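Participant: One-letter residues, chain by chain:
Number of protein chains: 2
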Amino acid sequence: MQKTRLDTSRIRAARRVIDPVFLDTPLYRCEALEPGLGCEVSIKLETANPVRSFKARGTEVVASLLAANGSRDVVCASAGNLGQALAWSGRGRGLEVTVVASRFATAAKLDRIRALGAGLELVDGDHEMARERAAAIARYDGIRLLEDSLDIETCEGAATIGLELVDTVPSFDTVLIALGGGALATGVGHVVKAAAPEVEVICVQPLGAPAMTRSWRGRRVVTTDSTDTIADGVAGRRPIPAVLHDLLVVADDAVLVRESSITAGMRMLLDHAGLVVEPSAALGIAAILEDRDRFAGRHVATIVCGSNVDVDAYRHWVGVDPVRGR
Amino acid sequence: MQKTRLDTSRIRAARRVIDPVFLDTPLYRCEALEPGLGCEVSIKLETANPVRSFKARGTEVVASLLAANGSRDVVCASAGNLGQALAWSGRGRGLEVTVVASRFATAAKLDRIRALGAGLELVDGDHEMARERAAAIARYDGIRLLEDSLDIETCEGAATIGLELVDTVPSFDTVLIALGGGALATGVGHVVKAAAPEVEVICVQPLGAPAMTRSWRGRRVVTTDSTDTIADGVAGRRPIPAVLHDLLVVADDAVLVRESSITAGMRMLLDHAGLVVEPSAALGIAAILEDRDRFAGRHVATIVCGSNVDVDAYRHWVGVDPVRGR
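For the protein sequence lines, the chains are A and B, in the order given.
Residues 1 to 326, numbered by UniProt numbering, are exactly what the first sequence covers, in order.
Residues 1 to 326, numbered by UniProt numbering, are exactly what the second sequence covers, in order.
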């Protein structure tokens with residue numbers, strides 16, 4: 001395998017500073033999903049923890065380094081999950097955390113960021129504008145900017161999921177990974193390709209936020225002017241070159257899925273697995289739904305990466321009506 | 001502590017024969033629930049596994065013993081979760097599993113029992129009639145009858161949850177446990193009281209299925225003529241004397257909750273924790289809702305013991321309507 005920015009020994013070291021509440025998450029066959037999908041499906045569940053997403057694996061690494069260095073402040077841009085995780089990790093280590101988010105971000109995520117004691121600044125624009133504002137705050141105040149996917153700790157934290165996947169016997173044929181900024185995909189992808197190169201790594205992104213997928217396909221950064229997807233956690237427009245480079249090394253494919261497939265995936269996970277998931281966490285199931293032949297008879301693992309939803313939006317997406325049925 | 005039928009060294013031994021997919025389940029603070037409940041709440045999540053309930057901890061112990069003894073057949077009565085778990089554990093060890101259930105049992109549970117390859121016999125009556133029929137099959141066919149809560153392996157399996165709870169730092173003030181036949185309550189209660197006697201063990205049962213609670217209060221077996229609750233997993237009428245004896249040793253209290261509190265608990269777990277749970281798994285939250293003063297400021301752990309629901313019934317209980325709100 002060509003080199004990436006990641007290193008397996010550093011990833012193993014990262015595990016040792018992450019609060020165990022975020023590690024060794026459930027990984028299990030979900031046979032009730034299989035008749036509807038035509039393949040064996042295993043779930044790696046990253047939602048049963050205090051922040052309901054995988055992001056704290058990375059923020060634990062960052063916050064422990066900051067605390068060890070005597071830093072007191074950190075700022076990040078976030079669609080909501082990174083900010084919530086950084087707020088949690090920072091609170092336990094006496095850090096002042098500032099989160100910049102779009103005012104259109106999922107309200108439940110913003111509420112949790114506030115509840116965890118972080119400062120929250122909203123920008124009147126999308127996630128890319130929040131990134132710019134966070135960078136400006138960091139420069140102006142001279143404090144640490146945490147950049148998701150660019151900062152290697154975020155990738156190493158996510159990569160610890162990969163360690164837990166490759167330690168499994170029997171292994172999988174394919175791992176389906178939600179693709180946004182790329183920390184999850186490059187982190188997990190690095191470990192899978194280093195330890196089990198025969199396992200296929202497929203990244204999944206919404207058709208409405210295809211920048212990184214188009215970049216992967218074109219082998220150069222492609223940006224978009226806007227995004228249009230309910231999968232807020234992966235709705236970026238400006239891929240980071242260094243992350244794309246790593247993704248080109250570790251991903252076997254990157255696919256785009258329709259919004260209707262994402263909501264169908266969310267409904268399947270609710271109805272057949274009893275799991276509430278946010279749209280980004282249903283991308284893997286959506287990919288299977290859109291290309292059953294490709295996965296037929298294979299054993300597929302998909303990372304259910306978050307469950308932070310606005311309740312009303314979720315109820316709308318999964319189309320639940322006790323009186324009329326759906 | 002007075003003796004119970006349980007023994008901590010046997011419980012530790014039980015851990016070694018249980019498939020790891022059922023062990024070391026998530027245990028985490030759920031702060032988003034706390035403003036609504038007025039106390040610190042931690043969740044012990046027993047639903048993120050192939051059978052979506054804690055019952056496989058016990059059936060793994062039973063099935064491994066049967067397989068070691070060269071047995072080929074086993075029968076049990078079940079409201080659905082024990083049968084599903086025994087089907088899973090038996091399938092992996094070449095056992096022929098027969099499950100007897102009420103024809104009024106949760107359809108999703110019965111479907112999973114069939115899908116896992118077990119024989120399923122339905123009786124035209126309630127769970128107590130299923131128990132009688134299972135016993136008759138065992139006598140007639142000369143095969144092993146697995147009796148939930150009476151057979152010590154079911155209690156020892158459940159008790160492994162207790163080991164995972166008492167190994168936690170900091171400890172809890174109170175553990176809330178769903179009370180049905182009593183395997184979960186006596187198993188977990190035994191470990192908690194042996195290792196951390198200062199932790200309060202409170203059992204929770206629906207007002208509509210109060211037999212074991214009334215027995216505990218009266219210190220003698222009290223049966224009822226019928227049950228009337230949506231919490232199918234705990235709807236027994238005839239407590240087992242040996243189990244009651246153990247419950248009298250380990251439980252600090254046993255409380256009854258209304259159906260409306262159970263559905264309110266299910267809704268809270270969905271809306272604030274992103275968890276789909278079956279009614280029995282919401283009993284702990286229901287108990288807090290009914291007596292906030294009792295738990296105010298305490299740190300309470302509750303075992304979310306199962307998530308097998310009929311989708312339509314669940315949607316009705318949680319009252320979800322995307323058009324009108326609830």
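Be aware that a few hints might be false.
Said to hold, decoys possible - Label pairs and their computed distance ranges (CB to CB):
#1 B:ASP293 <-> A:GLY70: 51 to 59 Å
#2 A:MET129 <-> B:GLU34: 31 to 39 Å
#3 A:VAL17 <-> B:LEU248: 16 to 24 Å
#4 A:ARG220 <-> B:SER260: 35 to 43 Å
#5 B:VAL311 <-> A:ASP312: 52 to 60 Å
#6 B:ASP293 <-> A:LEU207: 50 to 58 Å
#7 B:VAL17 <-> A:ARG298: 28 to 36 Å
#8 B:HIS299 <-> A:ALA68: 24 to 32 Å
#9 B:ALA115 <-> A:LEU23: 25 to 33 Å
#10 B:SER260 <-> A:GLY319: 36 to 44 Å
#11 B:HIS299 <-> A:ARG298: 28 to 36 Å
As the list claims (entries may be wrong) - Here are some, though not all, of the chain B residues that point toward chain A, as calculated from beta-carbon distances under 7 Å:
#12 ARG15
#13 ILE18
#14 LEU23
#15 SER42
#16 VAL255
#17 ARG258
#18 ASP271
To be verified - Sample of chain A residues facing chain B (criterion: CB under 7 Å; computed from the structure):
#19 ARG16
#20 PRO20
#21 VAL21
#22 LEU23
#23 TYR28
#24 ALA48
#25 ASN49
#26 PRO50
#27 ARG258
#28 SER260
#29 GLY274
What the hints contain is simulated information worked out from the structure, not anything from laboratory work.
Owing to the predicted nature of the structure, the values given are computational and were not obtained by experimental measurement.
Don't be surprised by glycine CBs; every beta carbon is placed ideally from N, CA and C.
Participant: Against chain B, with CB atoms and a cut of 7 Å, does the hint on ASN49 of chain A hold up?
Facilitator: Status holds, d = 5 Å.
Participant: How does the Cβ-Cβ distance of ASP293 of chain B and GLY70 of chain A compare with 51 to 59 Å: does it lie in that range?
Facilitator: 44 Å, violated
Participant: Against chain B, with CB atoms and a cut of 7 Å, does the hint on SER260 of chain A hold up?
Facilitator: 16 Å, violated
Participant: Could you check the hint for me, namely that ASP293 of chain B and LEU207 of chain A are 50 to 58 Å apart, CB to CB?
Facilitator: 53 Å, holds
Participant: For HIS299 of chain B and ARG298 of chain A, compare the CB-CB distance with the range 28 to 36 Å and indicate the outcome.
Facilitator: Since HIS299 of chain B and ARG298 of chain A have Cβ atoms about 44 Å apart, the given range 28 to 36 Å is violated.
Participant: At a threshold of 7 Å, is the proposed contact between VAL21 of chain A and chain B supported by beta-carbon distances?
Facilitator: Hint on VAL21 of chain A: holds, closest Cβ of chain B at ~5 Å, below 7 Å.
Participant: Have a go at the ARG16 of chain A hint: is there a Cβ in chain B nearer than 7 Å to its own Cβ?
Facilitator: 18 Å, violated
Participant: Was the hint right that PRO50 of chain A lines chain B, CB cutoff 7 Å?
Facilitator: 5 Å, holds
Participant: Given LEU23 of chain B as an interface hint, is its Cβ closer than 7 Å to any Cβ of chain A?
Facilitator: 10 Å, violated
Participant: Holds or violated: ASP271 of chain B as interface residue toward chain A, Cβ cutoff 7 Å?
Facilitator: Where the cut-off is 7 Å and the nearest Cβ of chain A is about 5 Å from ASP271 of chain B, the hint holds.
Participant: Given LEU23 of chain A as an interface hint, is the shortest Cβ-Cβ distance to chain B below 7 Å?
Facilitator: 10 Å, violated
Participant: Can the suggested window of 24 to 32 Å be confirmed for the beta-carbon pair HIS299 of chain B and ALA68 of chain A?
Facilitator: 29 Å, holds
Checked against the numbered hints above, the structure violates hints 1, 3, 4, 5, 10, 11, 12, 13, 14, 15, 16, 17, 19, 20, 22, 27, 28; every other hint is satisfied.
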